[in-house]
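A.B. asks: Sequence:
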Amino acid sequence: MSDLWYRNCDQFHSEFDPTELETSGRPMRFAAFGSVLLLFFFSTSPAEEYRIGPEDVLQISVWQHPELDARVRVSASGKITFSPVGEMEVQGLTTSELSKRLAERLRIYTRELCQVTVTVVEFNSKKVYVLGQVANPGAYSFERIPGLWEVLRRAGGPTGEASLSNIKLVTKRGGISTTMIVDLQRAIQEGRLDQLPTLRPGDTVIVPEKTMQKAQPKISVMGAVARPGMYEVPGSIRLTEALMLAGGPTERALLKKVKLIKSAGGRSYSVLVNYQDYLKKGVTSQNPLVDPGDEVFVPSRSFSWGITTNRISTVLQISATIVNFYLLYRVIEMGRVPYPRFP
5 MSDLWYRNCD QFHSEFDPTE LETSGRPMRF AAFGSVLLLF FFSTSPAEEY
55 RIGPEDVLQI SVWQHPELDA RVRVSASGKI TFSPVGEMEV QGLTTSELSK
105 RLAERLRIYT RELCQVTVTV VEFNSKKVYV LGQVANPGAY SFERIPGLWE
155 VLRRAGGPTG EASLSNIKLV TKRGGISTTM IVDLQRAIQE GRLDQLPTLR
205 PGDTVIVPEK TMQKAQPKIS VMGAVARPGM YEVPGSIRLT EALMLAGGPT
255 ERALLKKVKL IKSAGGRSYS VLVNYQDYLK KGVTSQNPLV DPGDEVFVPS
305 RSFSWGITTN RISTVLQISA TIVNFYLLYR VIEMGRVPYP RFP
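Residue numbers (our numbering): 5 to 347.
Some clues are possibly wrong.
With a straight-line cut-off of 27 Å between C-alpha atoms, the simulated BS3-like cross-links for lysine-lysine are [to be verified]:
(1) Lys284 / Lys261
(2) Lys222 / Lys261
(3) Lys266 / Lys285
(4) Lys266 / Lys222
(5) Lys214 / Lys284
(6) Lys284 / Lys263
(7) Lys263 / Lys222
(8) Lys222 / Lys176
(9) Lys131 / Lys176
(10) Lys104 / Lys172
(11) Lys266 / Lys284
(12) Lys285 / Lys261
(13) Lys172 / Lys83
(14) Lys83 / Lys104
(15) Lys260 / Lys284
(16) Lys260 / Lys285
(17) Lys263 / Lys285
(18) Lys214 / Lys266
Label pairs and their in silico Cβ distance ranges [claimed, not checked]:
(19) Glu59 / Gly178: 43 to 49 Å
(20) Met234 / Thr202: 47 to 53 Å
(21) Pro303 / Glu236: 20 to 26 Å
(22) Glu154 / Gly269: 28 to 34 Å
(23) Glu236 / Pro141: 35 to 41 Å
(24) Arg111 / Arg177: 40 to 46 Å
In case anyone wonders, no lab produced these hints; they're calculated from the structure. No residue lacks a Cβ here, since even glycine has one placed at the ideal position from N, Cα and C.
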């Protein structure tokens with residue numbers, strides 16, 4: 005918290021005098037060190053003091069008059085009500101400036117009063133909203149708004165599902181809202197956190213969730229093919245490619261009656277394809293596109309009774325011949341057939 009005192013009715017001054025630094029006759033690195041010290045002191049100089057804003061909560065303490073101590077909230081219009089002063093405009097003042105003004109007004113009631121302390125308890129006028137994939141989403145107040153990464157750390161840090169390469173920064177300047185995408189992941193990897201956009205009061209940081217990779221669309225190839233199943237496709241492909249994905253048609257595939265099942269308007273319908281005409285005659289219309297989600301069904305040739313009968317007959321004839329030879333052999337062995345005699 006920022007504590008600034010008004011003492012003996014005079015402006016508070018730092019006792020440090022930067023001009024007293026002596027660098028002559030000393031190594032240059034000492035001069036460099038002195039420069040760092042100067043930067044440190046200047047960074048906390050009154051020129052960079054916090055400016056009070058709406059919704060801030062202030063603690064006012066009056067020396068030797070505890071009955072006047074109060075905790076007040078700055079209204080949306082930038083004012084506070086402090087007894088016995090009444091309503092007072094404070095927006096844009098530093099705590100030291102407000103301390104001086106309160107002391108001047110309170111001197112009207114008592115000349116002994118010479119010390120007032122104003123402390124900012126809640127820096128609500130410098131809020132940044134952090135939403136999305138962080139441990140603790142919400143509004144965060146700062147005395148000085150830090151960088152984007154520090155703001156996320158204040159919110160508990162990003163979750164494991166956070167996408168740091170697509171952070172949305174929503175800003176409002178002059179009544180106009182704008183959204184920009186910030187690649188925090190790249191900035192971290194390249195060590196460029198200082199080059200990220202500067203956050204201002206009222207900004208909203210949205211950390212999105214990592215997008216799951218969408219499953220590639222599939223087609224179904226079933227029936228008389230070597231490897232029936234579902235196959236991923238990058239987009240629409242020809243029937244030939246679909247059949248090749250499934251290992252090609254089998255010997256019993258009836259390519260004259262390939263069915264292509266499609267969907268439209270929530271309803272399915274089938275298209276009969278004579279793929280054999282494409283293979284033998286080059287009819288390109290019989291090699292249609294197969295779209296993602298389509299089904300290809302290759303039927304098998306139906307059972308042929310004539311072919312089966314011929315095969316059975318052949319088997320029976322062979323069997324009969326074998327039986328006849330066997331019977332003849334048995335008769336000869338038993339001597340039932342005499343050898344022929346010649347004169």
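A.B. asks: Against each hint, give a clear statement of whether it holds in the structure.
C.D. replies: Tested hints:
Of the pairs offered as hints, the one joining Lys284 and Lys261 holds, with about 15 Å between alpha carbons and a cut-off of 27 Å not exceeded. Under the criterion of a C-alpha separation no larger than 27 Å, the hint pairing Lys222 with Lys261 is consistent with the structure, at around 22 Å. Using a Cα cut-off of 27 Å, the hinted pair Lys266 and Lys285 holds, with the two alpha carbons roughly 25 Å apart. Of the pairs offered as hints, the one joining Lys266 and Lys222 holds, with about 13 Å between alpha carbons and a cut-off of 27 Å not exceeded.
Between Lys214 and Lys284 the CA atoms are separated by roughly 51 Å; this puts the pair beyond 27 Å, and the hint is violated. A distance of roughly 18 Å separates the Cα atoms of Lys284 and Lys263; the hinted pair therefore holds under the 27 Å criterion. Distance hint between Lys263 and Lys222 is fulfilled; the C-alpha atoms sit about 17 Å from each other, no more than 27 Å. Restraint check for Lys222 and Lys176: the C-alpha separation of about 45 Å exceeds 27 Å, so the hint is violated.
For the hint pairing Lys131 with Lys176, the CA-to-CA distance comes to about 13 Å; that is within 27 Å, so the pair holds. The suggested pairing of Lys104 with Lys172 is violated, with an alpha-carbon distance near 42 Å, which exceeds 27 Å. Distance hint between Lys266 and Lys284 is fulfilled; the C-alpha atoms sit about 25 Å from each other, no more than 27 Å. For a cut-off of 27 Å, the pair hint linking Lys285 to Lys261 stands: about 16 Å separates their Cα positions.
Proximity of Lys172 to Lys83 is assessed by CA-CA distance (about 33 Å); at most 27 Å being required, the pair is judged violated. As the CA atoms of Lys83 and Lys104 are separated by approximately 16 Å, the hinted pair is consistent with the 27 Å bound. Between the alpha carbons of Lys260 and Lys284 the distance comes to roughly 11 Å, so the proposed pair stays at or under 27 Å and holds. At roughly 13 Å between alpha-carbon atoms, Lys260 and Lys285 fall within 27 Å of each other, so this suggested pair holds.
Pair hint Lys263 plus Lys285 holds up; C-alpha atoms about 19 Å apart against a cutoff of 27 Å. The suggested pairing of Lys214 with Lys266 is violated, with an alpha-carbon distance near 33 Å, which exceeds 27 Å. For Glu59 and Gly178, the Cβ-Cβ distance of about 21 Å falls outside the hinted range of 43 to 49 Å, so the restraint is violated. For the hinted restraint 47 to 53 Å between Met234 and Thr202, the CB-CB distance of approximately 52 Å keeps it satisfied.
In this structure the hint that Pro303 and Glu236 lie 20 to 26 Å apart at CB holds, the actual value being about 25 Å. Taken as a hint, the range 28 to 34 Å is violated for the pair Glu154 and Gly269, whose Cβ atoms sit roughly 54 Å apart. Take Glu236 and Pro141: their Cβ atoms lie about 37 Å apart, and the range 35 to 41 Å holds. For the pair Arg111 and Arg177, the supplied restraint of 40 to 46 Å holds, since their beta-carbon distance comes to about 41 Å.
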